[in-house]
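S.K.: Those sequence lines, one after another, are chains A and B. For the first sequence, position 99 matches number 99 in the numbering used here, and the numbering has no gaps at all. For the second sequence, position 48 matches number 48 in the numbering used here, and the numbering has no gaps at all.
Hints were generated in silico from the structure; no laboratory data involved. Hints may be right or wrong, so weigh each one.
What the hints assert, rightly or not - Derived lysine to any residue pairs resembling SDA-like cross-links, with alpha carbons at most 20 Å apart:
no., chain 1, residue 1, chain 2, residue 2
1, B, K83, A, G67
2, A, K54, B, K83
3, A, K157, A, E108
What the hints assert, rightly or not - Calculated from the model, a selection of chain B residues having no Cβ within reach of chain A, i.e. all distances over 12 Å:
no., residue
4, M6
5, V11
6, T175
7, P202
8, H245
9, S246
Unchecked claim - Coverage of chain A stretches by chain B, computed from C-beta distances (three or more under 8 Å per stretch; other residues unrestricted):
no., region
10, 31-38
11, 94-101
12, 174-188
13, 254-268
14, 272-280
C-beta atoms are modelled at their ideal positions from N, C-alpha and C, and glycine is treated no differently.
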Amino acid sequence: MQRPDMSVELAGIKMRNPVMTASGTFGYGAEFADYLDLESIGAMITKGLSLRPKAGNPTPRIVETPGGMLNAIGLQNVGVDAFIAQKLPYLSKVATPVIVNLYGNTLEEYGEVAARLDGLPGVAGIEVNISCPNVKQGGIVFGTDPLAAQEVVRLVKRNTSKPMIVKLSPNVTDVVLMARACADAGADALSLINTLTGMAIDLDRRRPVLANITGGLSGPAIKPVALRMVWQVAKCVSIPVIGIGGIMNARDALEFILAGASAVQVGTASFLDPSAAQTIARDMEQYLVDKGISSLASMIGALEV
Amino acid sequence: MQFKSMVVSNVELSPGYFRMRMTAPPELQQTLPGQFLMLRVIDSIDPLLRRPFGFFDVGTFSAEYAGCGTQTYSEILYKVVGKGTRMLSALHHGDLLDVLAPLGKGFEPGAAGEEKILVGGGIGLAPLYYLAKELVARGDKVRLFAGGRNRDDILCITEFERLGVETYVSTDDGTLGESGLVTEVLERHLAPSGMRIFACGPTPMLRAVALMAQAHQVPCQVSMEAYMACGVGACLGCVMKGANHSEETPDYRCVCKDGPVFDSTELQWS
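My request is simple: use the sequences and hints to build the entire structure.
M.R.: This is the structure:
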C-alpha cells in the first residue's frame, strides 16, 4: 500500500503533516535540534514574542500536578527585534514552516509586533495569543471579551499579510462565542486550547507553590476539556481549527482530528520527551497504514455521534 | 542525547538515600563533572515530568565484568523526597529508564596546583565525587567539607577518602564529625589565595558559601537545583536571578542550560 497522505494545508501554510509544536514549549526551535529532526514535523510555533524583551515572573514558575503541570513563566521572551536578528536566521534554514506566536501588552503593541514580522520570508504565519490582560482597559483579558478580541484580530489583520491563527483561551464560559467573534473579525484559523487557569498550594507552608499564585494547567489532565472545546468550535466555524491540550501520543492527536481539528499542537509532551512531536507524527502515519486509511484529511471531523 | 539505560544496581546507602548505577552509551564518558541527567521514572503520566540528577560517577565496566564488550555506566545518588524518587527507589536490576544526558554546564576545574575545596550539603554531595575523581587525576590537592543534619545525611565519605581526598564532616546534631554547620568548619580553613571552592547543597548553604568566598576573595562555583520541566532551556521554568537582576533590568539565568554550575558572582544572593 502507498504511504498515506499526511499533508495539511492550513490557511495557506503547507505542512508535511499535521503536527505542530505549541508556543512556549519548543523554545525557538534550536533547543530541540539535538533531539529530533526539525524537518520531520509539520510546523514550529515559537515562544510568544512581545514588542520589547520580557523578563517573566519570579520563581517558582512551574510545579507538577497529577497528570499535568502548572506554569507561570510570565511570557519571558527576547522581544520581536532580537528574535528577527538572532533566532530567525537559524529557523529559516530549516525546511519546516515557522509560525511566530505573538502578544501585546496593549492593542497597539499587537499591531506593532505583527507589522515587524510582516514581509519576512522566514515567517510562514503568525499565531496571536489573546490570553493576556489589556493593561489600558483595567486588566480585562482580550481573550475573554469577544469585542476586545475582535479589536485585536482586526488590528493584527490590518498589519499583516501572513496567515493569522488566533489562539483561544479555555477560561471562558462560552468558547464558541469567542471563536465566532475571532472568525468574524478575520482570523484565518483558530488554535485551542491555551492553558486552564489553576493553582497549587503547599499545605505545610500555607503558601501557594507558584510565586505568581496562579498558573496555567497543561498536560494530559486537560485533554478532555480541550477535546470538548475543539469539537464544539469546529462544528460552528468555517475556518480551520488546530487542536491543543494534553496530546502525548498519536492516538491523542488523532482524537483531536476526529473532533474536527485540521492539525494539532504538541506542547507539554515535548518537555518530558523532546522528540515527542516527531514520534507522534510518525505514529499517526502508522495508524493510518494499519487501518488502511489513505489520507489524514478524510479523518478531520469524522467523529460519529 | 536521549537513550535507554538499564538499572544495574539501586542500593539504599542510608535511610532514604540511594545510589543507582545504570548502563550508558560510550559517549557519556565525555560527561563533565557538574553536568546532569534527566530521568523519566515511569512511562506514564503521573509523575509526568522527568527528574534531574547530577552525575555521581561515570565509568566503564571491563569486558570481563560486562560479560561482553566494555560497558559505560553512570551513577546517581538521590534522596527519596516525593513520588518520583519513591518510584525510582523501587527499581531493580534490569529495569529500563529513558534518559536525557549529559545536560548543562559543568564545573570549571581551574588552574593546576590550586587547592580545591569541595563543599557538600546533604545530597548535594552527589556531583562532587565525580568532580573529586577528575581533580585528583589532575594531581590537585582536594579537600571535602561535608555537612548534614545528622549522620544519615553524610554519604560516601569512604569513597572520597579512597581517592585521597582529605575530608571534614560536620552534622547539625553532632552524630558524626563536628557539631555545627559545614560553613562554620569551612570558614576556619579558608586561606586568601591558592584555593578554589566548588559547592553543592541547599540554597541557604550555597548562599553562605558564596558570600564567604566573596569575603575571602576565593573563587567559588556553585551547583544549583531548581524545579525544571524540560532540561534543555525551553520551558524557562528553572531560572535564577543573575547578579545584576533588577525589576528594570531583568536578568534571569536558566539552571538547566546556563548552569547548573555557576560562578558564585554570577548570581544574586540577596
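S.K.: Hints first: check each against the structure and report whether it holds.
M.R.: Hints, verified against the model:
1. A distance of roughly 13 Å separates the Cα atoms of B:K83 and A:G67; the hinted pair therefore holds under the 20 Å criterion.
2. At most 20 Å may separate the alpha-carbon atoms for a hinted pair to count; A:K54 and B:K83 exceed this at roughly 34 Å.
3. Distance check on the hinted pair: A:K157 and A:E108 sit about 13 Å apart at the alpha-carbon level, within 20 Å; holds.
4. In this structure B:M6 is separated from chain A by more than 12 Å, as the shortest Cβ-Cβ distance comes to about 19 Å.
5. Consistency note on B:V11: stated as away from chain A, and its beta-carbon is indeed over 12 Å from all of that chain's, at 27 Å minimum.
6. Every C-beta of chain A lies more than 12 Å from that of B:T175, the closest at about 25 Å, which supports listing it as non-interface.
7. No beta-carbon of chain A is positioned within 12 Å of the beta-carbon of B:P202; the least distance is around 15 Å.
8. For B:H245, the requirement that its beta carbon stay farther than 12 Å from each beta carbon of chain A is not met, with the minimum near 8 Å.
9. Distance check for B:S246 against chain A: the nearest CB is about 10 Å away, which does not clear 12 Å, and the non-interface claim fails.
10. Remark: the region 31-38 of chain A is confirmed as covered by chain B, as 4 of its residues place a Cβ nearer than 8 Å to a Cβ of that chain, reaching the required three.
11. With a threshold of 8 Å between beta carbons, the proposed coverage of the region 94-101 of chain A by chain B is violated, since 0 of its residues qualify and at least three are required.
12. With 0 residues having a Cβ less than 8 Å from any Cβ of chain B, the region 174-188 of chain A misses the three-residue criterion, and the hint is violated.
13. Using a Cβ-Cβ cut-off of 8 Å, 1 residues of the region 254-268 of chain A lie near chain B, which falls short of the minimum of three, so the contact claim is violated.
14. Counting residues of the region 272-280 of chain A whose beta-carbon sits less than 8 Å from any beta-carbon of chain B gives 4, enough to reach three: the coverage restraint holds.
Violation of the numbered hints given earlier is confined to hints 2, 8, 9, 11, 12 and 13; the remaining hints are satisfied by the structure.
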